[in-house]
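So the protein lines, in turn, are chains F and D.
Per our numbering, the very first residue in the first sequence carries number 1; after that it's consecutive.
Per our numbering, the very first residue in the second sequence carries number 1; after that it's consecutive.
Hints were generated in silico from the structure; no laboratory data involved.
A portion of the hints provided could be inaccurate.
Chain copies aren't distinguished; within one or between two, either way the pair holds.
Stated by the list, open to error - Under the rule of at most 20 Å between Cα atoms (straight-line distance), these lysine to aspartate or glutamate pairs were calculated in the EDC-like manner:
no., residue 1, residue 2
1, Lys303, Glu162
2, Lys303, Glu86
3, Lys303, Glu315
4, Lys303, Glu325
5, Lys123, Glu162
6, Lys420, Glu315
7, Lys203, Glu277
8, Lys420, Glu240
9, Lys303, Glu183
10, Lys267, Glu107
11, Lys123, Glu95
12, Lys369, Glu132
13, Lys420, Glu255
14, Lys267, Asp99
15, Lys123, Glu255
16, Lys420, Glu18
17, Lys303, Asp353
There are 2 protein chains.
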Amino acid sequence: MARPVAAVRYELITLGDELLLGLTANSHLTFIGAALGRQGARITRNVTITDEADQIAAQFAESWARSDVVITTGGLGPTCDDRTREVVAAVLGQELVFDDSIRAAIEARFARLGRRMTDNNLKQAYRFSRGEVLPNANGTAPGLWAEQDGRVLVMLPGPPNELQPMFSEQVLPRLTRLGLLAEREAYVQVRTAGIGESALEVKLQPVLGPQGEALSVAFCAHQGQVDLRLSSPSGALPMERLQEIARECATLLGEDFLCIGHDSLAKVCADLLRSGEHTLAVAETATGGLLANCFTDVAGASKFFAGGCVCYSNESKMQLLDVPEDILIQHGAVSSENAVAMAAGVAERLGADYGLAITGFAGPCGGTKENPVGTIFLALYTPGGVWSRRLCQSGPRAAVKQRAVNAALDWLRRELLRAKRGGCCGSAAAQQRAGGAMQ
Amino acid sequence: MARPVAAVRYELITLGDELLLGLTANSHLTFIGAALGRQGARITRNVTITDEADQIAAQFAESWARSDVVITTGGLGPTCDDRTREVVAAVLGQELVFDDSIRAAIEARFARLGRRMTDNNLKQAYRFSRGEVLPNANGTAPGLWAEQDGRVLVMLPGPPNELQPMFSEQVLPRLTRLGLLAEREAYVQVRTAGIGESALEVKLQPVLGPQGEALSVAFCAHQGQVDLRLSSPSGALPMERLQEIARECATLLGEDFLCIGHDSLAKVCADLLRSGEHTLAVAETATGGLLANCFTDVAGASKFFAGGCVCYSNESKMQLLDVPEDILIQHGAVSSENAVAMAAGVAERLGADYGLAITGFAGPCGGTKENPVGTIFLALYTPGGVWSRRLCQSGPRAAVKQRAVNAALDWLRRELLRAKRGGCCGSAAAQQRAGGAMQ
Numbered sequence: 001m002a003r004p005v006a007a008v009r010y011e012l013i014t015l016g017d018e019l020l021l022g023l024t025a026n027s028h029l030t031f032i033g034a035a036l037g038r039q040g041a042r043i044t045r046n047v048t049i050t051d052e053a054d055q056i057a058a059q060f061a062e063s064w065a066r067s068d069v070v071i072t073t074g075g076l077g078p079t080c081d082d083r084t085r086e087v088v089a090a091v092l093g094q095e096l097v098f099d100d101s102i103r104a105a106i107e108a109r110f111a112r113l114g115r116r117m118t119d120n121n122l123k124q125a126y127r128f129s130r131g132e133v134l135p136n137a138n139g140t141a142p143g144l145w146a147e148q149d150g151r152v153l154v155m156l157p158g159p160p161n162e163l164q165p166m167f168s169e170q171v172l173p174r175l176t177r178l179g180l181l182a183e184r185e186a187y188v189q190v191r192t193a194g195i196g197e198s199a200l201e202v203k204l205q206p207v208l209g210p211q212g213e214a215l216s217v218a219f220c221a222h223q224g225q226v227d228l229r230l231s232s233p234s235g236a237l238p239m240e241r242l243q244e245i246a247r248e249c250a251t252l253l254g255e256d257f258l259c260i261g262h263d264s265l266a267k268v269c270a271d272l273l274r275s276g277e278h279t280l281a282v283a284e285t286a287t288g289g290l291l292a293n294c295f296t297d298v299a300g301a302s303k304f305f306a307g308g309c310v311c312y313s314n315e316s317k318m319q320l321l322d323v324p325e326d327i328l329i330q331h332g333a334v335s336s337e338n339a340v341a342m343a344a345g346v347a348e349r350l351g352a353d354y355g356l357a358i359t360g361f362a363g364p365c366g367g368t369k370e371n372p373v374g375t376i377f378l379a380l381y382t383p384g385g386v387w388s389r390r391l392c393q394s395g396p397r398a399a400v401k402q403r404a405v406n407a408a409l410d411w412l413r414r415e416l417l418r419a420k421r422g423g424c425c426g427s428a429a430a431q432q433r434a435g436g437a438m439q
Numbered sequence: 001m002a003r004p005v006a007a008v009r010y011e012l013i014t015l016g017d018e019l020l021l022g023l024t025a026n027s028h029l030t031f032i033g034a035a036l037g038r039q040g041a042r043i044t045r046n047v048t049i050t051d052e053a054d055q056i057a058a059q060f061a062e063s064w065a066r067s068d069v070v071i072t073t074g075g076l077g078p079t080c081d082d083r084t085r086e087v088v089a090a091v092l093g094q095e096l097v098f099d100d101s102i103r104a105a106i107e108a109r110f111a112r113l114g115r116r117m118t119d120n121n122l123k124q125a126y127r128f129s130r131g132e133v134l135p136n137a138n139g140t141a142p143g144l145w146a147e148q149d150g151r152v153l154v155m156l157p158g159p160p161n162e163l164q165p166m167f168s169e170q171v172l173p174r175l176t177r178l179g180l181l182a183e184r185e186a187y188v189q190v191r192t193a194g195i196g197e198s199a200l201e202v203k204l205q206p207v208l209g210p211q212g213e214a215l216s217v218a219f220c221a222h223q224g225q226v227d228l229r230l231s232s233p234s235g236a237l238p239m240e241r242l243q244e245i246a247r248e249c250a251t252l253l254g255e256d257f258l259c260i261g262h263d264s265l266a267k268v269c270a271d272l273l274r275s276g277e278h279t280l281a282v283a284e285t286a287t288g289g290l291l292a293n294c295f296t297d298v299a300g301a302s303k304f305f306a307g308g309c310v311c312y313s314n315e316s317k318m319q320l321l322d323v324p325e326d327i328l329i330q331h332g333a334v335s336s337e338n339a340v341a342m343a344a345g346v347a348e349r350l351g352a353d354y355g356l357a358i359t360g361f362a363g364p365c366g367g368t369k370e371n372p373v374g375t376i377f378l379a380l381y382t383p384g385g386v387w388s389r390r391l392c393q394s395g396p397r398a399a400v401k402q403r404a405v406n407a408a409l410d411w412l413r414r415e416l417l418r419a420k421r422g423g424c425c426g427s428a429a430a431q432q433r434a435g436g437a438m439q
């Protein structure tokens, strides 16, 4: 198989009524698609069907005929609904053989958990006669692997906590050894923040334009952030050249550049806080804990993250953040004055160098004529002063909340960058540039 | 079409490289699958493919031949990659006609946003000659509708904020009028909390067992909660009987019963707090704002939710919650003593009737020999006293956090139920029953 990895035809068959009924998101597609994508391959088709035997048989036969690698998920469990193993064996013309090593692993698992093993669990101890077993460290159903007709079949259990480690630790290395995946990451990702997709395209034209067909650029926008992935499916540009192009993009982007790689906005802020030995405290209303939560997902957050307050009631703003009652009476909770008082209050109360606050109407209810639903006030307290900014957003509540959090983080990031360069009073200039309403 | 709705063959074709590369979750399957499921129908197959014209043509022809309704998502935009409209028209043997009403809507949208309309946007003003337009209130690309060969075609734009309202407000009513969906909800959902799937099956056997084939029961487990959906695909049991069975389940389940319908655990707690005129404050470390966030997603939360603190540092626990320094020195932050001090501290500081606290090691780092990763301490402060509980969990960080939040909410819910019935000191008994380690 000396074809380029990008031309290998992968198909993913995801089984389960719960997916088709919308009870569970298809996380297998997201996980497996991203993992293959990192190593230069792409799923050409994902089909989700029910657990019915004849549908599985027809779909598997079709996918097998036109693919190089077929991956199935689900349907390997102990109940009578789980017929995938038998159906696929029949299509391949393989026999299922009872494997004592699988039985021993299942029995050991039950013993360890102190549970009684029922006989139907032994159904999971069968493998293809000309195939291998992928041991399951987190459940009873092992995965199955078979190579036949110049093709590869991978069958994985449905629960994500079983499938994901099995795929990363066993399947990816096997596919790589067979030359069906690139040996290392096949693209370079440049992350940006605070710039839209079309503006980004224009800004990067001087670097990306001259590369022509050799360079493939994919844009991916998500709530105020845009990532771009640079790859060279033909192999015309080596990895070193892609990394060079990424660095040229970074230079051109200036402050709009977030990172090369996969770091989150919160992780980039965390690194800037740590390297400057700064601490941060946050206060929020409408975003209800999301701002605090993104820092607590960064490892070692306790080093720089002093804490956060979710202050829905006016009482809590006064009690926890020392917001003066006058401000709440005169300006209301959704105001730049309150945002400033919250940011300063939480920083001072927790002895932090920086304070970041979000207040606003995330919708769908609330809002006033002056400040309709979607109005968000941010405030940033820094060693050099305190500023506020007003955002107007639309869309469903969850999106408004996430974009507000991203806007707040991006503001903090830009301020920390300026502090690192030794600038001061940068915030006012930044706001002017960003065109936000100022208070 | 006098067939039962459950036998109507729906296929969903989702287009987009970003889905296959794992950059975006397939939220269309989840959303459309759930919406059709509520009205008794089911997607029989979902196929995700790239935007390439020949692949779209082949897949569409195949799906069209074997289905009653085909729904496509994506590929209707203004760029040259968006060829779905043309490709599908060719398969159907329909012409595309320029529609002045669509052009007017697109122009009006650009004018309203104060942006200049580029000519490629007019590509979106074409519809099938024998078809209709589904106006798009949230974007430029309208949806398309056609009935042909006794089949229905629905083409929807890709962005979820455009697709979802279009589907709910326009597509569902049209499908219902054609008899392809049930006129009202086709199943009854019983939600439970704090009981596992197999225990639930055993407990409900006296009610569900005798119904035989007439009743279909689907279980869906998610992070400490299990939902069951009762339906009668054959129509043997009318809706009234399904509701009666649901109420019998509720009675049998006692405190393990959460609700009939779709309310979240936080919403059920919110209703109990409101009806008892109680207020709540929360404090958390490892869950980092997730506990607070679930209350702020309930409409009108400011009526009962006093606020929350995310206290990563010891400093913040002392400053915001008055946790005595001695406790942190002697017992550490991950201890029942600290959880109790946090719950009491946040309730007293914010003048709330109830205080709920979570502290622990969510992983992947941290943990001690006594309290390894996955150890979570909960504490509940009530008008009748304050208690703590210890949980041990495993799995990825996000799952540990979500299950800790659900366990805390479920404990609060049970306590509020007892308070409503006029019981007191119920918590101790509940903990004994739940088998949690007690401090």
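Evaluation of the provided hints:
1. Taking identical chains as interchangeable, the C-alpha atoms of Lys303 and Glu162 are never at most 20 Å apart, the minima being 32 Å within one chain and 42 Å between chains.
2. For the identical chains of this complex, Lys303 and Glu86 are neighbours neither inside a copy (53 Å) nor across copies (56 Å), given an alpha-carbon limit of 20 Å.
3. Within a single copy, Lys303 and Glu315 get their C-alpha atoms only as close as 30 Å, which misses the 20 Å cut-off; across copies the closest is 12 Å, which meets it.
4. Taking CA atoms no more than 20 Å apart as the test, Lys303 paired with Glu325 passes between copies only; the shortest distance there is 19 Å, against 33 Å inside one copy.
5. Taking the shortest Cα distances, Lys123 and Glu162 sit within 20 Å of each other inside one copy (18 Å), while across copies they are farther apart (46 Å).
6. Taking identical chains as interchangeable, the C-alpha atoms of Lys420 and Glu315 are never at most 20 Å apart, the minima being 37 Å within one chain and 26 Å between chains.
7. Taking identical chains as interchangeable, the C-alpha atoms of Lys203 and Glu277 are never at most 20 Å apart, the minima being 33 Å within one chain and 56 Å between chains.
8. Taking identical chains as interchangeable, the C-alpha atoms of Lys420 and Glu240 are never at most 20 Å apart, the minima being 29 Å within one chain and 67 Å between chains.
9. When the C-alpha separation of Lys303 and Glu183 is checked against a cutoff of 20 Å, the pair qualifies neither within a copy, at 36 Å, nor between copies, at 56 Å.
10. In the homo-oligomer, the alpha carbons of Lys267 and Glu107 never lie at most 20 Å apart, since the shortest distance is 42 Å inside one protomer and 41 Å across protomers.
11. Proximity of Lys123 to Glu95 under the C-alpha cut-off of 20 Å is restricted to the intra-copy arrangement: shortest distance 14 Å within a copy versus 54 Å between copies.
12. In the homo-oligomer, the alpha carbons of Lys369 and Glu132 never lie at most 20 Å apart, since the shortest distance is 66 Å inside one protomer and 37 Å across protomers.
13. In this assembly of identical chains, Lys420 and Glu255 lie within 20 Å of each other by CA distance solely inside one copy; the values are 13 Å within and 56 Å between copies.
14. Neither within a single protomer nor between protomers do Lys267 and Asp99 lie at most 20 Å apart by alpha-carbon distance, with minima of 46 Å and 48 Å respectively.
15. In this assembly of identical chains, the alpha carbons of Lys123 and Glu255 never lie at most 20 Å apart, being 57 Å within a copy and 36 Å across copies at closest.
16. Within a single copy, Lys420 and Glu18 get their C-alpha atoms no closer than 50 Å, and across copies no closer than 36 Å, so neither meets the 20 Å cut-off.
17. In the homo-oligomer, the alpha carbons of Lys303 and Asp353 lie at most 20 Å apart inside one protomer (13 Å), although the nearest pairing across protomers, at 33 Å, exceeds that limit.
In terms of the numbered hints stated before, the structure departs from hints 1, 2, 6, 7, 8, 9, 10, 12, 14, 15, 16, listed from lowest to highest.
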